[in-house]
Structure formats: structure tokens, C-alpha cells
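Asks: Single-letter residue listing:
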Amino acid sequence: MITAIRSIVSYRELILALAWKTIAVRYKQAYLGIAWAIIKPLTLMAIFSLLRSIVGIDTGTVPYAVLTFAALLPWLLFQEAAAEGVRSIVGNAHLIKKIYFPREVFPLTAVATKLVEFGINYAILLAMMSYYGIFPSTQALWVPLLVLYVVLISLTIALAGAALNVYYRDVGAAMPLVLNMLMYASPVIYPLALVQDKLLVKHAGGDWSSVLYTLYTANPMAGLIDAFQRVMLRGQPPDLHAMAPGMILVAIAFPISYLLFKRAESWFADVI
Amino acid sequence: MAIIEVSHVTKEFRLGQMHSLKETFRNGLARLRNKPAEQRPLFKALDDIDFKVEQGEVLGIIGHNGAGKSTLLKLLAGISRPTRGTVSVRGRVAPLIEVGAGLVPDLTGRENIYLNATILGMKRAEIRQKFDDIVSFAELESFIDTPVKRYSSGMQVRLAFSIATAVDSEILIIDEVLAVGDLAFQRKCFDRMEDLIRRKTSTVLLVSHNLRQVERLCSRVLLFESGKLLEDGPAKRVCDSFYQRLDNKILKTRASAVRHGRYVESGDIELLECHILDDAGSPTERISHGNDLVVRARFRVHQPLPNPIFGIGFHTTDFVYLSTSHSVGHLELPQLEPGHHEVVCRFARVPLLPGVYSVRVGVAFGTHVVPSFYGENLAHFQIVTNRINRAWDSAVNEGFFALDTSWSIGPRDALASGSDGRLKCA
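Taken in sequence, the protein lines are chains A and B.
Just add 160 to wherever you are in the first sequence, counting from 1, and you've got the numbering used here.
Just add 69 to wherever you are in the second sequence, counting from 1, and you've got the numbering used here.
Treat the hints with care, as some may be off.
Derived DMTMM-like pairs: lysine to aspartate or glutamate, alpha-carbon spacing no greater than 20 Å straight-line [what the hints assert, rightly or not]:
{"id": "1", "chain 1": "B", "residue 1": "K199", "chain 2": "A", "residue 2": "E173"}
{"id": "2", "chain 1": "B", "residue 1": "K257", "chain 2": "B", "residue 2": "D202"}
{"id": "3", "chain 1": "B", "residue 1": "K297", "chain 2": "B", "residue 2": "D309"}
{"id": "4", "chain 1": "B", "residue 1": "K199", "chain 2": "B", "residue 2": "D237"}
{"id": "5", "chain 1": "A", "residue 1": "K258", "chain 2": "B", "residue 2": "E81"}
{"id": "6", "chain 1": "B", "residue 1": "K199", "chain 2": "B", "residue 2": "D260"}
{"id": "7", "chain 1": "A", "residue 1": "K258", "chain 2": "A", "residue 2": "D430"}
{"id": "8", "chain 1": "B", "residue 1": "K297", "chain 2": "B", "residue 2": "D116"}
{"id": "9", "chain 1": "B", "residue 1": "K218", "chain 2": "B", "residue 2": "E208"}
{"id": "10", "chain 1": "A", "residue 1": "K258", "chain 2": "B", "residue 2": "D237"}
{"id": "11", "chain 1": "B", "residue 1": "K257", "chain 2": "B", "residue 2": "D201"}
{"id": "12", "chain 1": "B", "residue 1": "K113", "chain 2": "A", "residue 2": "D430"}
{"id": "13", "chain 1": "A", "residue 1": "K188", "chain 2": "B", "residue 2": "D175"}
{"id": "14", "chain 1": "A", "residue 1": "K257", "chain 2": "B", "residue 2": "E81"}
{"id": "15", "chain 1": "B", "residue 1": "K297", "chain 2": "B", "residue 2": "E74"}
{"id": "16", "chain 1": "B", "residue 1": "K199", "chain 2": "B", "residue 2": "E210"}
{"id": "17", "chain 1": "B", "residue 1": "K91", "chain 2": "A", "residue 2": "D330"}
{"id": "18", "chain 1": "A", "residue 1": "K188", "chain 2": "B", "residue 2": "D214"}
{"id": "19", "chain 1": "B", "residue 1": "K192", "chain 2": "A", "residue 2": "E173"}
{"id": "20", "chain 1": "A", "residue 1": "K258", "chain 2": "B", "residue 2": "E239"}
None of these hints come from the bench; they were simulated from the model.
Required output: the full structure, derived from the provided sequences and hints.
Replies: Next up, the structure:
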């Protein structure tokens, strides 16, 4: 793990150059340019708002549009960083076969690229909040830590997924589908409070309610999205009880994922 | 201490396709039950390779295509790992294996220089310092802010080469394919490579098919064939041995290849066989330079052919016609009757230089010389020489014939009579 951090530090120029390349190429010959980065969350927000006007989701004091946009920010960062990270090794086959540097540079680059888009969308969120008269409290200082946590979650999927994708392209093909399904299992369209209310207060699952709730929060994105909304919109600290199962899962899965990647790494050039 | 140490390295690849899910499952099950799983055959790209390179050495690596040179370079550059054995490299390797891998079409030349130089391991300050050099070497001053996708292919490879050779490193791997572009730029590439080599600061591995260049630049040469290290020694000795093998290989592949070249039959006459015979009259594929050579062709004639004319000529393996000899004036025959016939032609003191050559045969008949049979690449032979003389070692470089010459040398006055000490122009 220490070597991993050291390689990030010594290859930071390369990661930055590659991330800059990805962004530059994506937007260079597009008329709307970088604006595409904000079109996706705004469109999804509009769709969800429309949906909500039919179904009716209770969001308390916070306007639904802001709440769902604040959920979409970390979610899209995770979803796109993970998907892009999984594809990153196969997508850079021409470099893998010609030049050596630690291969985790590619998944890291994918994450770095998405962080830039996250930054832009974060500014949009702040603008929306001020429009609705919501101002962040000092609890917003949690944001860097939460973002780091999203990066860790993304890398857990990206590292193992990228290594497997070299051998079985099925992984890369299945990833968008799996992540899309995971979105419905995360409090993006609806707030986590609704799930807590159903399972912990009304015991909708009967005797299994608390088990189901633990299972739900074992998805690290569930606790994280809620925490992000809390610190940004409600001025409350993160709900550590909701985050704990996911954190334990990541703490176990991330080292395994990293070791798997490092073990597979030396055969990438031969198999790819 | 050796800067590169390769000890007992074997690299194997599995042949064939990926297992299907069913096979993977069945093999996994077999392994669980301690039974031998079905294995795909292995291909040894490198077989027990063992050598060391000292600091500052300039090492040539030669071999046919598929000999394992590229695999070896990949191991040295750390791109892939050996199946068995160890590779240890002390120092930074500049991966000049192939250029242009990192060029991004949508970025400008300037952006590509920064990106690719970073990929090759240069720091930002270093790039900034070398930027002008890179641009001027690639001769792209006026196009540097144009996207690379608008460049001609020549401009792209020039840019890539220029970036690749700007990297400083302890170990430099130079692949001959790096010399790119038009002739003038190729010359520049070679000059730069030789300049890099001559500076002697780094250890150089030069992979090349250009044996003269290898011989001139390298102190030591490794010869690879089918994944094995065949020879390791002084440049001249190994290159000599490679020339010998090269001719042998051309001879073999030509002989086994499907008949190439033109082959026309009218149906009146059929070629049964065509052989090269030595002085003693037995079939051979090897003739010593300056000895006699005999071509024997056997035909089956179906129709009577009036006034037949035979022609036999030599050509190179790439179909450069070198000679033609006709039977006119040598064989006067009013008519060739149906049945089997044997035509023999002796070439005295063959002046062809060492190399591999082929025979072509033609038959025509009648006063109007109607073509009836023509075939190329019918038999192959190698001209060899015992004399160890580099000027004669390859016909490709030295031409094809040794002409009968006489030489003299003496004081200039003796040659130009009545000289007043100045050069006279007629």
C-alpha cells in the first residue's frame, strides 16, 4: 500500500498529463465543450423531478431538485470513475504493450478525470443552493474526506474490474448495467431517510428489517450519498451508523482489489 | 557490475484461443480432483536465454523475424515478465521500442510533445528545456500548433521519433524501425542514433536488420533464432555467421514455397523437372563462385515442334533478370519429336557473386519463334565462396557479377606520357 502511494506521488505528472489528455480530447471538437460534464446530472435531475411529481417522495425541508442533484454528484463521480477505470487498461492497450510504468496509473487517471467534472458540478450545486437560500455550514468541511472515500470505493471496483477485463471483456460490458442497477439500490432518487423510516421505524421487513437495513447500507454509496447531503444541505454531521457497514466492506475489499490488480499486472501486455 | 543481467530466461505463450466457459469449468473441476487439466500447447518465444551487458557496452541484437528480439526487448523494458528465469536491469530504460504509440490525433503537436515526453518519463522542466530541439529536429516549426490528425504520416513519425530520442536514460533500446520518413529524414534518424551511441554515456541495445550498421556500431552482437541465443560474440564473427544463415534460409523458403513467378504452358510441351548439376553431374543447390554450373531440364513433348529454341536464364529471388542464354546457333534441330527429351546447358566459370539465385526456362518453336513454354523460379541455387572477403558476402549489397578485370598501378607520369605536371583535359 505504501508503494502504491509512493507510485502515485512519483507518477503524478504522468497521471495529470493523461487526465488532461482525456478531458482535452473529449471536449476538443465538441461545440458545447466541457458543458457536457454538467448536462448529464442536470438532465437526470430534471427526469427525477418529473418522476417525483407523479410518485411523491417526501424530502423534508430541502427542495427535491437540490437534494437529488446533491445525490447525483457523488453517485456520478463513483459510477463514471468505476466504469472508466474498468475500461482503462484495455482502452490503453497501445501504451500497455509499448511502455512500462505502474499500471495503476490508468485507473487513477480515470478517477482524476472524473474528479475534474465533479469539481465543475460542485460549483453548479453551490449555485443552486444559493438560489434556494441554502448555505453550507462548517459541516461542509467533511466534503474532501467524503470525496476521498468515493475515490476509494471507485478504485475498489476499478482495479479489480480492470484486471479482470483484460482477461474477460464481459466485465467491461456488464459494468454499465450493474452500476445502473446499483443506482436504484442507492439513495439517489429517494433520500436515505425514507429507507430508514420504512425499515427501522415501520419495520416493513418484519423481523428481517434491521438485517435488510444493514444489507442496504453495506452498499458504501448508500451511507456516503446520505452523508454528502447531510453535510452540504442540512448542516448535520455524517450518519456514521449508516456508513459503518459500507466502510467495513471497503476496508476489506480495497486491499484485495489492489493486490489482485498488482498480481495480474505483469501479464497485461501478453494477454491484452 | 553488469547493468543488465538476463539469466536463464524462458518466455512462453499459450497458443490458440481463450478457453470457453465450459472448458474453463471442466478444467477447474479436473484440477480440483487432482487430475491433469487439458492444456493448450505452449510456444517458447525465448528459450533459456542467458547473457550480461556491462555499463557502456553497445550491443547489437540480430535475427530473423520471429526470432524473439521484440520479446526480449519487452522483458528488458519491463513490459512483460519472463515465465522462468530472471531479468535484472539497473537503471532507467528508454523505451524506444516503437514510436508513435502515444500520439493523440486530436491534440496539437505542442500538446503531444508534452504528453508523450511525460509518458516516456521526462519531467516538465526537462521537456520545456528540450522543446525547441524536438520541434526543430522534426522540422515542424510552422505546424506545431496544428492538431496531429492534420499531419501527413511522414510528419507524424518525424514528431514521434524526435520526442523518443530526446529522452536521456542509462539504457537506450534502439529499434531499427525507428528510422522513418523520407530518405533525407532517415539519414537524419540514423545520424542521431549513431550520435546517441557514440556519446558512450549510456548502454545501448541496437536491434537491426541492417547488418552493416550493426557491425559498424556495435562491439558485441547477439544472434537469435527461434527463441534461442545462437551466438554471442564480436560483431564481425556473428554477422558473418548470420549472412551465411540468411542465404540458407532464402534458399529453403524459396524451394519450399509454392511456385511464384510466371508459368505459361501451351500444352505442346511439358517441363518434367529442372535441376542444377555440379561439375560431377550430380544435382546440387550449392555452386562455388567461379566453378562451372550445369542446368538440366527434362521435357515431355506432345506435338512435334519444328525448329525448337531453348532459353535458360538466371534471376534473383525478387525477379531481377540477370542473364539469358539461347540455344540459337548452338542447337540446330529441324524438329522435336513427341516423347521425352533432356536439355543440358553448361555455364562455364559462373561469375555470379555469392547469394541465392533462380533459374527460368523458355521454349519456342518455328521460324516465327512462337512461345510454347515459359517458367520462372524453377530451380534455386546458392553461390558460395571460400574466400573470407566481406566485399563478396552479399550480392544484395555488392551487385551480382564479378567481371573479368585486370588492374595496374604505377607512377602517374608513366601512365600519362608527355605530362607537364598538370592535369590535361581532352
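Asks: Check whether the Cα positions of K297 (chain B) and D116 (chain B) lie no farther apart than 20 Å.
Replies: Given pair K297 (chain B), D116 (chain B) holds - Cα atoms ~5 Å apart, limit 20 Å.
Asks: Does D237 (chain B) lie within 20 Å of K258 (chain A) when you go C-alpha to C-alpha?
Replies: Cα-Cα ~18 Å, so holds.
Asks: With a cut-off of 20 Å on the C-alpha distance, tell me whether K188 (chain A) and D175 (chain B) pass.
Replies: Holds, at about 7 Å.
Asks: Check the hint pairing K297 (chain B) with E74 (chain B) against an upper bound of 20 Å on the C-alpha distance.
Replies: Status holds; Cα separation ~17 Å.
Asks: Checking one constraint from the list: CA of K258 (chain A) to CA of D430 (chain A), max 20 Å. Satisfied?
Replies: 11 Å, holds
Asks: Quick one, are K113 (chain B) and D430 (chain A) close enough, alpha carbons at most 20 Å?
Replies: Status holds; Cα separation ~13 Å.
Asks: Sort out whether D309 (chain B) lies within 20 Å of K297 (chain B), counting only the CA atoms.
Replies: 18 Å, holds
Asks: Is the Cα-Cα distance between K199 (chain B) and D260 (chain B) 20 Å or less?
Replies: 18 Å, holds
Asks: Given the proposed pairing of K258 (chain A) with E239 (chain B), does the C-alpha separation stay at or below 20 Å?
Replies: 18 Å, holds
Asks: With the threshold set at 20 Å, check whether the alpha-carbon distance from K257 (chain B) to D202 (chain B) stays at or below it.
Replies: 14 Å, holds
Asks: Starting from K218 (chain B), check that the Cα of E208 (chain B) is at most 20 Å away, please.
Replies: The given pair, whose Cα atoms are some 17 Å apart, holds under the 20 Å limit.
Asks: Given the proposed pairing of K199 (chain B) with E210 (chain B), does the C-alpha separation stay at or below 20 Å?
Replies: 14 Å, holds
Figure legend: structure checked against the earlier numbered hints; every hint is met.
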